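Residue numbers (my numbering), protein chains in the order written: chain A, 68 to 363; chain B, 647 to 906; chain C, 68 to 622.
Check before you lean on any hint, since a few could be wrong.
Computed, partial: chain B to chain C, Cβ under 8 Å [as the list claims (entries may be wrong)]:
hint: 1; residue: Y652
hint: 2; residue: R654
hint: 3; residue: Q829
hint: 4; residue: E831
Straight line, CA to CA, 20 Å or less: simulated DMTMM-like cross-link-like pairs of lysine to aspartate or glutamate [said to hold, decoys possible]:
hint: 5; chain 1: C; residue 1: K211; chain 2: A; residue 2: E146
hint: 6; chain 1: A; residue 1: K245; chain 2: C; residue 2: E108
hint: 7; chain 1: A; residue 1: K97; chain 2: C; residue 2: E88
hint: 8; chain 1: A; residue 1: K97; chain 2: C; residue 2: E108
hint: 9; chain 1: A; residue 1: K158; chain 2: C; residue 2: E88
hint: 10; chain 1: A; residue 1: K104; chain 2: C; residue 2: E88
For the record, the hints were derived by calculation from the structure and aren't laboratory data.
These numbers were taken from a predicted model, which means no experiment stands behind them.
Where a beta carbon is used, it is the ideal one built from N, C-alpha and C, also for glycine.
Okay, here's what each chain looks like letter by letter:
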Amino acid sequence: MYIYEKKGRYIIGFQDIPSARAEMPEISVKERQGNFKEVETGFPEDVAVAEAKRCLSCRRCLGCALCWAECKPEAIDFEMPDEDFDLTIDKVVLTSGMQRKIAPIAGNYGNKHMNVVTDLQVERMLADTGPSNGLIYRPQDGEIPKKIAFVQTFGSVDDKIRDATLIFGINEAIIAQKKIDGAEISFISPDMDALKTSAAGSDLDKVSGVNFVNGTVVEAAEAGENKDIEVKYEANGSEKIETFDLVVLLTQPQLPPSIEDAAKMVGVEVNYASFLGKPGELVETDKPGAVLAQNV
Amino acid sequence: MTEDFYPRILVFCCNWCSYAGADLAGVSRIQYPATGRIIRGMCSGRVDPTLIADAFIYGADGFLILGCHFGDCHYIDGNYKAQEKIDMAHEALVYAGLNPDRLEFNQASAAEGQRFADLNTEFHERIQKLGPLGSADKYPLPELTERLKIAQKALAGPKLRWVVGKKSVFTNGGNKYGEVFTQHEINRTLSGIIIDEMATHSIIAALEKKPAAVKDLAKELEIPPPDTLKYVLALNRRGFVEMDGVEGTSPMYKYKGEQS
Amino acid sequence: MAEQKVLVMGGGVAGIKAALEEAAAGNKVYLTEHFPGIGGERIPQDRIITDGDAFAVPDLAAIKENDNIEVLTNGDVQALVGENGQYKVKVHCRTPRVHTEKDNLVNAIRVCPIHMYDDYNEGLEWRTAVDFFNSAWGGYNLYKEDMPVCQRTCPINLDIRTYVGQIADGKYAESLATIRKKLPFPLSIGRVCPHPCEGECNRGYMDEPISICFLKRYVADVEINSNVEPKIQVPDETYPEKIAIIGGGPSGLTCAYHLALLGYSNNITVFEALPEPGGMFRVGIPEYRLPKAILAKDIEFITKHGVEIKCGVRIGKDITFDDIKSDYDAVLLAIGAHKGMSMRVKNEEAEGCFEGVKYLRDAGLGNEIPNKGTCIVVGGGNVAMDVARTSLRVGFDQVNLLYRRTRKEMPASPWEVDAAEEEGVAFHFLVAPQEVVVKDGKAVGMKCLKMELGEPDASGRRKPVPIEGSEFVMDSDTVFAAIGQVTDNSLVDEKFGFKFGRKLNFEVNPRTFETNVEGVFASGDAATGANIAVRACAGGKTAAESIHKYLRGMK
Chain A
68 MYIYEKKGRY
78 IIGFQDIPSA
88 RAEMPEISVK
98 ERQGNFKEVE
108 TGFPEDVAVA
118 EAKRCLSCRR
128 CLGCALCWAE
138 CKPEAIDFEM
148 PDEDFDLTID
158 KVVLTSGMQR
168 KIAPIAGNYG
178 NKHMNVVTDL
188 QVERMLADTG
198 PSNGLIYRPQ
208 DGEIPKKIAF
218 VQTFGSVDDK
228 IRDATLIFGI
238 NEAIIAQKKI
248 DGAEISFISP
258 DMDALKTSAA
268 GSDLDKVSGV
278 NFVNGTVVEA
288 AEAGENKDIE
298 VKYEANGSEK
308 IETFDLVVLL
318 TQPQLPPSIE
328 DAAKMVGVEV
338 NYASFLGKPG
348 ELVETDKPGA
358 VLAQNV
Chain B
647 MTEDFYPRIL
657 VFCCNWCSYA
667 GADLAGVSRI
677 QYPATGRIIR
687 GMCSGRVDPT
697 LIADAFIYGA
707 DGFLILGCHF
717 GDCHYIDGNY
727 KAQEKIDMAH
737 EALVYAGLNP
747 DRLEFNQASA
757 AEGQRFADLN
767 TEFHERIQKL
777 GPLGSADKYP
787 LPELTERLKI
797 AQKALAGPKL
807 RWVVGKKSVF
817 TNGGNKYGEV
827 FTQHEINRTL
837 SGIIIDEMAT
847 HSIIAALEKK
857 PAAVKDLAKE
867 LEIPPPDTLK
877 YVLALNRRGF
887 VEMDGVEGTS
897 PMYKYKGEQS
Chain C
68 MAEQKVLVMG
78 GGVAGIKAAL
88 EEAAAGNKVY
98 LTEHFPGIGG
108 ERIPQDRIIT
118 DGDAFAVPDL
128 AAIKENDNIE
138 VLTNGDVQAL
148 VGENGQYKVK
158 VHCRTPRVHT
168 EKDNLVNAIR
178 VCPIHMYDDY
188 NEGLEWRTAV
198 DFFNSAWGGY
208 NLYKEDMPVC
218 QRTCPINLDI
228 RTYVGQIADG
238 KYAESLATIR
248 KKLPFPLSIG
258 RVCPHPCEGE
268 CNRGYMDEPI
278 SICFLKRYVA
288 DVEINSNVEP
298 KIQVPDETYP
308 EKIAIIGGGP
318 SGLTCAYHLA
328 LLGYSNNITV
338 FEALPEPGGM
348 FRVGIPEYRL
358 PKAILAKDIE
368 FITKHGVEIK
378 CGVRIGKDIT
388 FDDIKSDYDA
398 VLLAIGAHKG
408 MSMRVKNEEA
418 EGCFEGVKYL
428 RDAGLGNEIP
438 NKGTCIVVGG
448 GNVAMDVART
458 SLRVGFDQVN
468 LLYRRTRKEM
478 PASPWEVDAA
488 EEEGVAFHFL
498 VAPQEVVVKD
508 GKAVGMKCLK
518 MELGEPDASG
528 RRKPVPIEGS
538 EFVMDSDTVF
548 AAIGQVTDNS
558 LVDEKFGFKF
568 GRKLNFEVNP
578 RTFETNVEGV
588 FASGDAATGA
598 NIAVRACAGG
608 KTAAESIHKY
618 LRGMK
């Protein structure tokens with residue numbers, strides 16, 4: 068690829084990529100026997116300079132002040148300092164934030180492929196304030212996907228978290244289904260049956276146009292020129308292979324470290340599930356003055 | 647290349663050193679190929695990157711820019727500026743597909759008639775070996791010119807011009823945050839902006855002609871589709887392009903013009 | 068009810084709703100958000116959408132209009148302390164560098180020459196350095212990251228981008244000076260560092276990471292190969308306070324170096340228990356990885372800054388900790404972790420069983436060590452590799468290394484494992500020691516048990532489970548246990564009331580490296596538990612800064 072950009076990185080594909088890293092010269096195994104001679108002998112000058120020139124010198128804001136020159140006077144102030152506030156408050160309201168565990172997604176869900184996205188990315192796509200004004204698209208080529216699979220990637224978690232995440236995904240599927248003409252949407256989760264019987268899933272029958280599958284994904288791989296995603300999944304004891312334009316991974320939510328730290332400092336024990344249950348309400352904790360704002 | 651190829655070479659000379667060197671070569675009756683057409687300007691630092699692109703867009707086979715020796719500039723640091731700008735133009739034009747040997751920056755003083763002649767002879771022979779524009783380059787002629795025009799737009803834009811102008815500031819004094827760049831880093835920075843600008847301007851040029859889908863743009867411009875998409879979305883965010891309906895499964899994008 | 072002050076953490080839909088409710092109740096509300104913008108519509112997760120009401124949309128306009136709500140974007144709560152039914156809060160807001168009211172910045176976004184990752188849109192598109200996050204809120208900011216990813220990963224935050232760039236420019240002396248601004252051990256760290264920075268290097272995502280560590284070694288080698296005397300620059304005016312540093316290893320000496328740079332030159336005394344300075348650099352890392360003569364150059368550079376090193380002085384034996392504490396204005400405990408951990412198997416005390424670290428120490432100091440027959444090394448870390456490779460060199464015929472998980476789970480650096488294997492160390496994976504077999508009071512072998520990997524444990528590594536009935540005996544003349552080190556903290560008396568951690572390390576404030584005893588600091592392995600050398604150096608540097616602040620009465 069030309070520009071790498073996943074997991075918070077933006078890396079320009081300079082023309083000297085790829086080139087191999089310099090190898091450290093070493094003395095042979097035979098020369099090492101019975102003595103303590105230094106094994107690695109160090110780079111010669113030309114190798115060192117060539118290796119140093121491979122450095123991409125990553126820097127984003129250049130501090131070039133072109134924006135400053137282009138704006139009205141003093142609209143941009145490079146010397147503006149950080150601010151610190153010391154407040155005395157009577158009550159602290161914690162919210163759950165929106166953060167997902169990305170790292171533990173197993174490789175078999177194919178999250179390194181272009182056309183595999185996370186549920187949060189799809190939420191951004193669907194939102195009017197998002198990058199595409201509410202259009203859902205394939206990151207590979209910008210096309211509108213017709214066949215979409217929603218896939219659960221996490222194992223057993225707290226029931227409340229599971230339901231919230233699945234419903235979040237189902238709602239995305241419903242909106243996507245409304246937005247795309249002739250969309251075929253599959254929703255694959257091993258907990259589908261469990262959701263159906265829970266209180267949260269009582270409205271599930273009213274959803275039309277989404278194919279709910281109680282199954283487990285075995286593997287998702289890139290297939291064909293268009294880089295569609297071939298999903299192999301297990302349902303009702305048999306294995307099926309289906310090709311999708313876009314695969315959406317339902318990821319496990321977690322609290323951001325800032326909230327966890329704050330909760331620790333206040334002295335209340337919270338996890339993501341503490342913010343679920345009474346949507347939109349403020350729930351007292353056992354510490355006076357500490358309140359949890361429940362998610363909607 | 648065949649002997650009968652008679653290259654069209656532009657030679658820029660600054661008023662104070664290299665033009666006087668040419669004069670000296672003339673009055674000393676030193677023989678050198680007459681393929682170079684000399685343009686006299688006040689300083690090599692005044693050679694604008696867009697003009698370098700112009701030379702090749704209008705069909706020059708080679709461009710030799712001669713200034714004073716470093717330290718001898720009549721305007722103190724004009725030739726240092728020239729070096730920086732020409733290096734950048736060189737990189738952009740080569741990125742667009744030009745053979746790197748077609749553009750050279752060198753120095754000759756007023757007393758170096760022989761050197762002036764030698765530089766001309768060498769450059770002439772080099773270009774003669776390369777052949778006419780489009781023959782030893784990455785792309786053949788009409789296509790190369792199109793790409794060079796894109797490079798010219800990139801060179802005319804504020805981004806490259808501003809950053810290249812800051813080159814010595816960044817490596818000596820530091821940027822707005824007081825961070826000093828190494829030479830290596832500023833070169834990387836410029837290469838990165840060239841890559842970005844070339845892609846952006848080629849997308850704009852294609853969308854100016856007609857609205858297109860990302861998939862087709864990528865194929866036409868030979869940029870990987872995911873990157874094309876990101877560039878188009880970035881242009882959308884900056885207000886240069888907008889979505890213009892959907893055809894089949896493809897959202898179409900059109901150019902909005904410079905003014906938002 | 069009187070007006071209350073409320074802090075709402077998080078500018079999501081729930082946070083905005085809570086803020087508006089609290090403000091409507093007549094309270095003063097502070098809304099903090101980590102991002103530069105708040106809000107953004109959310110898809111509900113509490114009910115299945117059955118009507119047209121698809122998104123939960125926060126009322127951003129109401130927030131903007133409400134005078135009782137103060138929005139602190141770019142803000143992080145740093146401290147939150149409960150006190151008499153109230154909370155004292157410290158909020159740190161990173162600067163946006165933009166006055167939005169003066170211009171709408173559309174032109175700025177158009178000209179910004181770079182693209183970068185857009186957090187708010189989960190990387191779906193690019194933003195420019197000066198830009199907004201959420202278009203509905205506005206909230207323009209000029210985002211500048213503090214450090215590139217390599218520098219952020221480096222424990223001591225070496226300016227890698229600059230020193231590597233200077234090598235590319237051919238400016239080796241400048242490059243070395245850049246390194247020495249923070250790290251006084253370029254020769255040693257350049258040889259032994261397991262370079263976490265290279266694991267994060269952006270180039271690693273495209274092809275292979277830059278060889279950052281060996282480049283550091285290169286510039287440092289250039290200086291000794293060309294016989295250039297390094298420049299020593301310490302402030303002319305020095306402070307009168309005397310500082311004692313206990314332990315002359317990576318952490319202690321880095322602290323001494325930085326204290327000298329801060330103006331305590333000639334008032335710093337380093338007490339080293341061993342006959343030679345260098346700590347683990349000298350007695351933990353074998354000669355073939357870090358020659359003693361090379362290490363001596365680094366130490367010489369530090370001592371030239373007005374640092375006195377007293378070797379062969381063991382606190383508690385040659386001089387008491389009380390004396391040190393009363394004679395000096397500040398004390399740093401940088402005594403490392405030099406005590407091997409027990410394998411907790413039977414007959415571990417038999418003749419022929421050794422602690423890996425002690426063995427390396429004896430080898431490093433030139434003491435007599437066992438060197439005949441076959442040996443078993445238990446453990447999978449870098450110390451185990453060092454022990455195995457050293458035993459091969461001193462004359463053991465056969466070196467067997469036992470590790471209870473597989474190669475993939477080994478904590479040792481992969482290149483060390485490869486080198487050990489090349490040199491002829493025999494690896495036995497999924498094998499756990501059970502009991503040292505003893506004959507006439509002397510170890511003659513090890514009874515082992517085969518293992519298999521089970522479910523992942525808390526650390527994410529798969530837990531080894533014994534296979535029943537798979538016991539076997541491996542013959543051996545010598546057994547080395549290299550399964551971790553702890554701190555020998557017996558030098559301080561109980562009366563001081565130091566608090567200790569799990570690895571018998573001193574418990575410290577992680578930001579300042581202060582212990583719970585006033586004027587006493589601890590850093591390096593003695594504070595963090597056994598860790599990599601550059602982290603010990605980083606701790607030393609931070610400790611130096613804290614000692615300076617403590618002595619100058621700065622908070």
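Failing hints, ascending?
-> Checked against the structure, the hints that fail are numbers 1, 2, 7, 8, 10, while the rest are satisfied.
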